[in-house]
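Student: Chain by chain, the residues run as shown.
Number of protein chains: 2
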Amino acid sequence: MKISLKINRHLVLFVLAIAFMPSSVLAGPLPSWNDGAAKTAIFSFVANVTNTSSQNYVEPSERIATFDNDGTLWCEYPDYVQSLFMLDKVRDMAPAHPEWNDTEPFKSIISGKRFATSNFSAVESMQIYLAVSANLTPDEYLILARDWLSRSNNSELGMPHISCVYKPMLELMSYLKEEGFRIYIVTGGDEDFVRSFSEDAYAIPPEQVIGTALKLQYVENNSSCYLVKLPEILVVSDGQEKPKEIQQNIGLRPILAYGNSDGDIPMLKFATSGNRYSLGLLNLHDDPVREFAYDNTTAVGKLDRGPALAEKWGWQVVSMKDDWKAIF
Amino acid sequence: MKISLKINRHLVLFVLAIAFMPSSVLAGPLPSWNDGAAKTAIFSFVANVTNTSSQNYVEPSERIATFDNDGTLWCEYPDYVQSLFMLDKVRDMAPAHPEWNDTEPFKSIISGKRFATSNFSAVESMQIYLAVSANLTPDEYLILARDWLSRSNNSELGMPHISCVYKPMLELMSYLKEEGFRIYIVTGGDEDFVRSFSEDAYAIPPEQVIGTALKLQYVENNSSCYLVKLPEILVVSDGQEKPKEIQQNIGLRPILAYGNSDGDIPMLKFATSGNRYSLGLLNLHDDPVREFAYDNTTAVGKLDRGPALAEKWGWQVVSMKDDWKAIF
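Protein chains in written order, with numbering that gives the first Met the number 0: chain A, 0 to 327; chain B, 0 to 327.
FYI, nobody ran anything at the bench for these hints, they're computed from the structure. Treat the hints with care, as some may be off.
[To be verified] Below, a list of computed lysine-lysine pairs in the DSS-like style, where the Cα atoms sit at most 25 Å apart:
(1) B:K106 <-> B:K88
(2) A:K176 <-> B:K320
(3) B:K311 <-> B:K301
(4) B:K301 <-> B:K112
(5) A:K324 <-> A:K166
(6) B:K214 <-> A:K214
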C-alpha cells in the first residue's frame, strides 16, 4: 500500500507538471515551423552561437537580432498598414484643411480617387506623411495610432491588423530572447507608429524599435517641457539607412537579420559580413491560400532577386507556404 | 542532544546565508550614501513608483532613468577624459599630417602650447573631434579608445580614468535596475567613446548609451559590408538635444534624470514635467578633499544657478561632500 501511494503521488506530480508546462517545452521552441531547411538553419545557428565550446560561440552581450516589420513580422498586403492609417487621417483632418480641396495629393484622397500606396509618388507619400504626423507631440501621435489600430481591419483577411502578426515570427523572437538575444525591430515605417503596438503585438518595448522619424522641437512653457514632431524628415530608415541606424542606435553589428524586401538587403548584408557567426533570413510571400503571393509583383514588399541574393550571401529563404505550419 | 543538533544546523544555515548574501542586502541598497535628504528622496521616489497601491505607481515598462556621464558617473576634472584622448590622438597622428605643423588648432597641440579643453574655442574643439574620430570604422575607433583608456590616468587623482567612477552612482544604477528600471547614459561626449567602456565601468551595454555622433557612410565591397565614420556631425547630444535624443532613441519620457551641469538641465526638465511621478537629481562637486570643488568656476561641468533651478523645479541636489560616504 505504501509503495502504490508513492507511485500515485509521483504520477500526480508528473501530470501536474505536464499540465502547467508551457507548450513550447512540449513541442520544441518553434511549433509553428515545419521541419525543413529553414527551421534547421535557425536551430543550427542558435546551437552554434550559444555553445561555449563551439568555435562559433558568441557572447550574450553581442547577440543582437534585427527584424524588419512590414511583411516580416506582420501582414503588409494589400497595403502597408501605416499607409492606410495616413490616408484615413487625411480624410479625418480634411474639414480643418479647406485648402486640401484644391491641393494634390490631398484632393484626390478626400474625393476617394486615390486610396493606396501605389497611387502616389514617393514625393507625394512624403507630403502625406508630414501632413498627418507633424505638429503633434509623440504622445498625441501614439494615441491617434492606437485608436485607429483598435478599429481597423485588414480588408482581405477580415481581421484587425494587430491580429495579422505572423505566429512563427512571434515564436522565433521569443525563442531568441530565451537564448540571450536582444531583439530590435528596424522598420522603414514611422518609429512611433510601430512603437504604438510593438509591446502589445510583439512584446518589444519602444526603445527596441528603430525607424523612420521626423525631427523634434523642444518646447519649454513655464514649468512644463515637451517635444513636438516637426514637418521635417530626420531619417528614412530603409535600404542603406538601416545598417547606419542600427550602428547609431545599438552600437553593435547584429548577428541575425530577418527581412522580406529590397529595403532590408543592406541590413542583411551588414549582419552577415562581420567577424562573427551570423544568419540572414528572408520571408517569401508565396502562400496565396493562407496569406498572399506577391513577391516582386506589387507595390508593397518588392523583393528583386531575393533567392539569388540569398544564395550568393548564404542567407536562408523562408517559404511561408512550405516552412510555416500556421501563419497567424 | 537532538534539539541541540537542530539548533546547530539552523545556525550553520543562517551563517551560510549571511556569508553568501550580497553586501547590498546587509547594508541596504545604497551603502556609500550617507543618510540625509538625497538618500531619502531616492528611497521615497522608488518606493512610490514601485508600490502598486501608491497613486504614484509607474508600470515597469515606463521606468526609464537617464544619466549624464561626465561629472555625473565619472570624474571630469581637471579635464574631460575624451578631450585628453583626442589631444593625445592628435599628437599620435601628427607624423602622418605634416600640414598640421602650420594649421591651428593642431599646430599648438603638437608644440605642447595648448593641452586642455579650456584652451580651445567650440569651433576648434569640433575640428579636433572630427580630425581624430572620422575615417574610422566604429570598431577601429573602439579599439583606439580602449587601448588609450587602458594606459591613461587622471593626472590629479593618479588613478586610471576607468577607476574614477563614482561608487555611489554605481550603487544607484544597480539599485534602480533591481527595481525594474531601464538605465540609459545620455552623454554630451561621443557615443562610441562612452560605449568603449560603459559595459566594463557601469554594466551598461552599448545600446543604452546615447551621445554625440558623426554621420556614417555605408560601404559595400564584394562580399563585405561595413560603416565608416564621416567627418560630419550627426548630433551634438547636449542641452536641448538631450530630450530630443531620448525621445528618438527610447520613445518614452524618463521618470528619473540625473546630471551635474548646464547641458543636463533640459533633460531634467523633460523628465520631471511629464504626467508621472518623477525625480531630478544634480551632483554638486563640492568636495575639494576627496574629489574636486569646481561648480561654475571652471571650463568643465559648468553649472549656473544649479541649486536655484533645483528649488524651482523640485529637484534634489546631491552634495558629493555631505551625501556620499565614499566617492570612488
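Student: Given the hint that K176 of chain A pairs with K320 of chain B, test it: the Cα-Cα distance must not exceed 25 Å.
Tutor: 43 Å, violated
Student: Between the alpha carbons of K106 of chain B and K88 of chain B, is the straight-line distance 25 Å or under?
Tutor: 13 Å, holds
Student: What's the verdict on K311 of chain B and K301 of chain B, does the C-alpha distance respect the 25 Å limit or exceed it?
Tutor: 19 Å, holds
Student: Holds or violated: are the alpha carbons of K214 of chain B and K214 of chain A at most 25 Å from each other?
Tutor: Given that 25 Å is the threshold and the Cα spacing comes to 16 Å, the pair holds.
Student: What's the verdict on K324 of chain A and K166 of chain A, does the C-alpha distance respect the 25 Å limit or exceed it?
Tutor: Answer holds: K324 of chain A to K166 of chain A is near 9 Å, not above 25 Å.
Student: K301 of chain B and K112 of chain B: Cα distance at most 25 Å?
Tutor: 24 Å, holds
In the structure shown, a violation is registered for the earlier hint numbered 2 alone.
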